[in-house]
Amino acid sequence: MEFIGEHLLPGQIGQFFAILFLVASLVATVAFYKAANTLETQEKNGWIRIGRISFLLETLSVIAIFASLYYIISNHLFEYKYAWQHSSRALQVEYLLSCFWEGQEGSFMLWSFWHCLLGWILIWRAKNWEAPVMSIVSFAQFCLATMLVGLYFWGAKVGSSPFVLLRQEGFFDAAPVFKDVATGELRKDYLTLWKDGNGLNALLQNYWMVIHPPVLFLGFASTIVPFAYAIAGLWKKDHKGWTKPAISWAAFSTGILGVGIMMGAAWAYESLTFGGYWAWDPVENASLVPWLVMVAGLHTNLIFRSSGYSLKSTYTFYILAFLLILYSTFLTRSGVLGDTSVHAFTDLGMNVQLYLFLNLFFWIPPFIAATSKNHKLIVVALFIGLNVLAHFYGVFTLVSTILALVALFWLLNQDKNLPTIVKEENTYSREFWMFIGALIFFLSASVIIVITSLPVLNKLLNTNWAVGEDPEGFHNQVQIFVAIIIGTLTAITQYFKYKDTPKPFFLRRIAGPTLIAVLASIAVAIWGGIEYDKKGVGFLIAIHLGVFAAIYAVVANASYIQLGLKGKLKMAGASVAHIGFGLFLLGILISSSKKSVLSYNTTGMSPLKIGDKESPLENLTLVKGLATDMGKYMVTYVKDTLNPKDRKRYYEINFKSKKGDEKFNLYPDIIENNKGAEGVTPNPSAKHYWDRDIFTYLTFLGDPEKIKAADTSTFRNTNVRIGDTLFYSKGVMIVNNVTVNPSNTKYQFSQNDTAIALNITVISKEGNRFEAQPLLQVKNGSIYSIPDTVMAQSLILQFSQVKDQTKGLLQIGVKESSSVLDFVTLKAYEFPFINVLWLGVLVMVVGIVMSIVQRVKQMRRIGSDSRVG
Amino acid sequence: MPSLFLNYICGKPATMKKTHIILLVLIAAAIAVLISFMGDVTTYDTVTSAKEKPGKFVHLIAKVEKNSLDYDPVKDPNYLSFTAVDSIGNSIKVVYRNTKPTDMEKSERLVLKGRVEGNHFECRDILLKCPSKYKDDMNAAKKDLGTAVNYETK
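Going down the list, the protein sequences come from chains D and L. Going by my numbering, the first residue of the first sequence is number 1, and it counts up by one from there. Going by my numbering, the first residue of the second sequence is number 1, and it counts up by one from there.
Calculated directly from the structure, the hints in this document are not laboratory data. All clues given are correct.
Distance condition first, Cα-Cα at most 25 Å in a straight line; then the derived BS3-like pairs of lysine-lysine:
1) L:K17 <-> D:K312
2) D:K416 <-> L:K18
3) D:K632 <-> L:K75
4) D:K535 <-> L:K113
5) D:K594 <-> D:K656
6) D:K803 <-> D:K815
7) L:K17 <-> D:K497
8) D:K534 <-> L:K56
9) D:K815 <-> L:K75
10) D:K236 <-> D:K127
11) D:K815 <-> D:K624
12) D:K416 <-> L:K17
13) D:K639 <-> L:K75
Computed beta-carbon distance windows for the label pairs:
14) D:F506 <-> L:A32: 28 to 34 Å
15) L:S81 <-> D:G767: 30 to 36 Å
16) D:G170 <-> L:A28: 55 to 61 Å
17) D:I378 <-> L:A32: 31 to 37 Å
18) D:E472 <-> L:K56: 17 to 23 Å
19) D:K663 <-> L:G89: 52 to 58 Å
20) L:E52 <-> D:P644: 53 to 59 Å
21) L:S81 <-> D:I763: 32 to 38 Å
22) L:E105 <-> D:V177: 27 to 33 Å
23) L:E52 <-> D:V406: 37 to 43 Å
24) L:E52 <-> D:I763: 52 to 58 Å
25) L:E52 <-> D:V518: 50 to 56 Å
26) D:N374 <-> L:A32: 37 to 43 Å
Residues from chain L that keep clear of chain D, each with C-beta distances beyond 12 Å, as calculated:
27) T48
28) P54
29) E65
30) I88
Glycine included, every Cβ here is placed at the ideal spot set by N, Cα and C.
With the hints as extra help, turn the sequences into a complete structure.
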């Protein structure tokens with residue numbers, strides 16, 4: 001049956017390429033696998049050629065899928081479910097790309113696109129490692145492709161295609177309007193009734209959302225490379241060779257994943273109403289944890305290259321980092337976080353498939369690490385057996401995951417070929433302290449992920465645990481100690497040499513930076529005004545220690561560039577990255593501990609509760625036009641305007657400093673939610689100073705409709721004379737005089753009209769003065785009374801009639817009501833030194849890029865040397 | 001994951017290294033942290049079970065009773081009160097000292113975090129679960145279509 005106006009071709013093209021992607025990635029996996037296991041050169045090259053051609057097909061398919069979906073979204077073909085679900089006609093062109101990331105299918109596409117790109121760099125540079133590494137990458141691509149095909153195998157749906165039509169999903173079945181009256185089938189011209197999409201989630205309509213997901217997904221995708229190298233090392237039993245190229249890849253992954261996470265933080269800061277950049281939300285944690293483990297892996301890898309220690313840890317960390325990325329995808333995409341996260345993701349009913357994908361990758365490392373056939377068989381048997389059990393008892397999914405890790409550790413320990421050093425590390429060696437640092441990163445990651453997994457445990461163990469009263473505070477209290485230790489280690493470790501350092505040499509060089517850091521942090525403690533007392537004295541001391549550690553890291557690494565590297569900036573990548581890390585810690589500590597609430601509200605609070613540390617009274621209501629006292633500022637809600645382009649309503653809030661003449665406007669806004677969801681989403685606005693941000697967002701908007709319905713007050717009539725003073729509940733008003741045919745900004749009457757206006761001055765208890773001008777007009781033989789309102793005082797004044805002209809007696813109506821109030825309720829914060837945090841991220845990235853460039857250059861030099869030799 | 005590391009140590013007790021001791025100490029610290037976390041862990045409760053443990057921090061799953069909302073942002077933006085009803089039909093007065101979350105009335109399910117104090121529930125945090133906003137947005141849209149409000153006239 002054909003339907004009028006449907007565009008089936010782009011979907012068919014897309015679907016074709018999705019299947020081609022699936023097939024090509026399978027062929028590439030097999031070809032690269034064969035190439036890796038073949039010793040004979042010619043045969044190997046043959047397999048590699050097949051692998052590369054398939055990989056090219058794979059890449060082209062991914063691009064074609066992207067293009068088809070983009071065509072569908074940008075041409076508003078709402079017969080497609082994806083376009084309808086994630087976009088609408090009103091959406092700005094800039095955000096068309098964001099529609100990709102909103103849905104699961106689009107994010108998997110993005111992920112596989114980055115795999116393609118990274119794959120080509122590997123094909124170009126990996127040389128001997130190309131075949132084994134690419135077979136892992138291709139296999140991951142195959143798994144991602146299964147998520148996109150949306151095919152049915154023996155009744156089970158595999159994947160979810162982004163090219164499915166709404167009518168294929170039976171979407172219109174329940175709607176009689178779309179039915180042909182005669183046949184009861186879907187009308188041929190149903191698209192004439194189907195004009196617009198559901199729209200993009202309002203939170204995603206932010207410029208960070210155009211750039212943050214691609215960068216974050218590049219970070220996610222990049223973790224496969226160290227993983228694939230580690231697996232390749234185990235597979236080819238070359239435990240040393242892979243660790244060299246892996247360093248640069250791990251550094252790349254650390255940098256890009258870190259930037260992706262921090263862009264997410266910037267997005268949260270600018271468009272979410274967390275009141276900050278980080279909230280220990282499960283979704284944030286899930287991407288932070290792999291980063292921590294990747295950093296640990298990067299450092300143990302460096303240790304192994306320089307001293308021969310920590311190979312097993314390097315294997316473990318690289319493998320875990322990638323597995324944690326998969327786990328975090330599972331967490332955020334399976335809907336299991338439902339009750340704990342503010343992030344909303346759609347559950348596509350693919351949880352079984354997602355879980356199997358995850359669990360399979362957990363069992364690949366032990367399978368490869370097994371050195372004997374028997375061990376390999378046991379691994380396979382365990383994988384199958386546990387998953388059959390898991391089908392009946394959910395708890396075995398957990399058992400399977402943990403056993404896979406135990407098996408990996410056991411097998412790594414069994415492997416006699418793995419180079420290990422029995423001799424103990426020297427305490428005065430760089431590797432010793434680096435290893436401790438890596439361990440702390442790893443344990444910090446473990447603690448975070450266990451806490452974040454609570455909803456998963458609930459599901460598997462049938463418990464109903466919920467996180468305690470203050471999970472954010474708990475995380476902060478734990479991680480502050482990690483920050484203290486890591487900051488200090490970052491400071492001192494470079495001053496140790498690998499293997500052994502003469503004690504006096506070390507002490508002499510570290511003395512200067514230590515002294516500077518101690519003095520600087522004492523200065524901060526005395527004059528810095530860090531007085532965060534919500535969690536007790538212990539935590540405050542910890543914050544000060546953390547500040548010391550962060551300053552120490554910055555100072556020690558800066559002076560190391562001078563002392564240790566003799567100012568050779570080219571070599572200083574690591575030191576620069578560490579300076580960035582120190583600044584980053586410092587920014588976090590200061591901006592969070594000195595964050596202050598400007599909109600602190602004492603209205604309606606019992607005197608006993610004032611000064612209560614945990615008091616949540618952070619909302620302040622601003623009535624339009626009325627300056628309100630808010631900490632250091634007098635704040636006025638001036639007006640609101642709707643921007644038709646981005647469909648946001650901007651509220652102009654004027655801040656005026658009480659001392660001095662600092663004055664600025666902030667424009668927090670609201671955007672109407674997409675269809676299907678009610679209400680509006682507020683976005684914050686911030687004024688950036690070099691040393692602090694003033695940050696505000698709307699927390700409540702008056703709903704005029706509802707308040708009107710509740711308004712039962714009426715006009716109270718009073719007879720007055722010129723010069724009289726009247727009282728109302730919030731102050732007084734003075735009747736000044738009468739103007740005939742007034743002509744001003746409000747009214748423009750000419751000599752031909754008949755209108756008289758009453759000029760009234762309203763003075764509130766607080767001493768604010770307002771002018772009001774109610775008026776009587778004679779038009780076409782009728783008398784009209786036009787009232788005037790004083791918004792800020794909820795006052796409506798009416799000139800009812802001239803009671804007695806000879807006596808000068810006039811009647812006015814006074815109405816006090818909430819219906820006239822135009823107001824907004826908002827929260828405002830001050831974040832001091834938040835720029836230190838962003839600066840730290842930038843410096844860290846610069847350092848990482850420097851060290852990657854240095855390493856790649858070095859490898860190229862060695863490569864060309866050996867060719868010459 | 002302590003058991004995984006025990007291999008390293010138990011396998012060769014004779015070569016206990018400094019790193020191993022530090023490892024054990026750190027793992028012990030991590031476990032202590034997790035235990036203290038589990039000590040703070042609370043439960044999802046109904047009105048009745050929450051009332052049985054006054055003063056204890058709980059997550060109450062309930063919804064708003066119709067027309068019970070009291071919120072006047074002009075008078076005090078930091079005071080919201082309403083009656084919460086759980087799935088069994090028991091109800092309790094809730095006080096939330098913050099602004100009213102948008103469309104709270106329409107939410108089919110609320111997670112209220114707080115504690116029972118006296119005869120009311122002192123709420124610290126409210127999590128809204130609107131079916132249309134979250135998981136079942138397709139189903140919700142289908143339901144809308146059934147009544148065909150939006151598209152009939154277009």
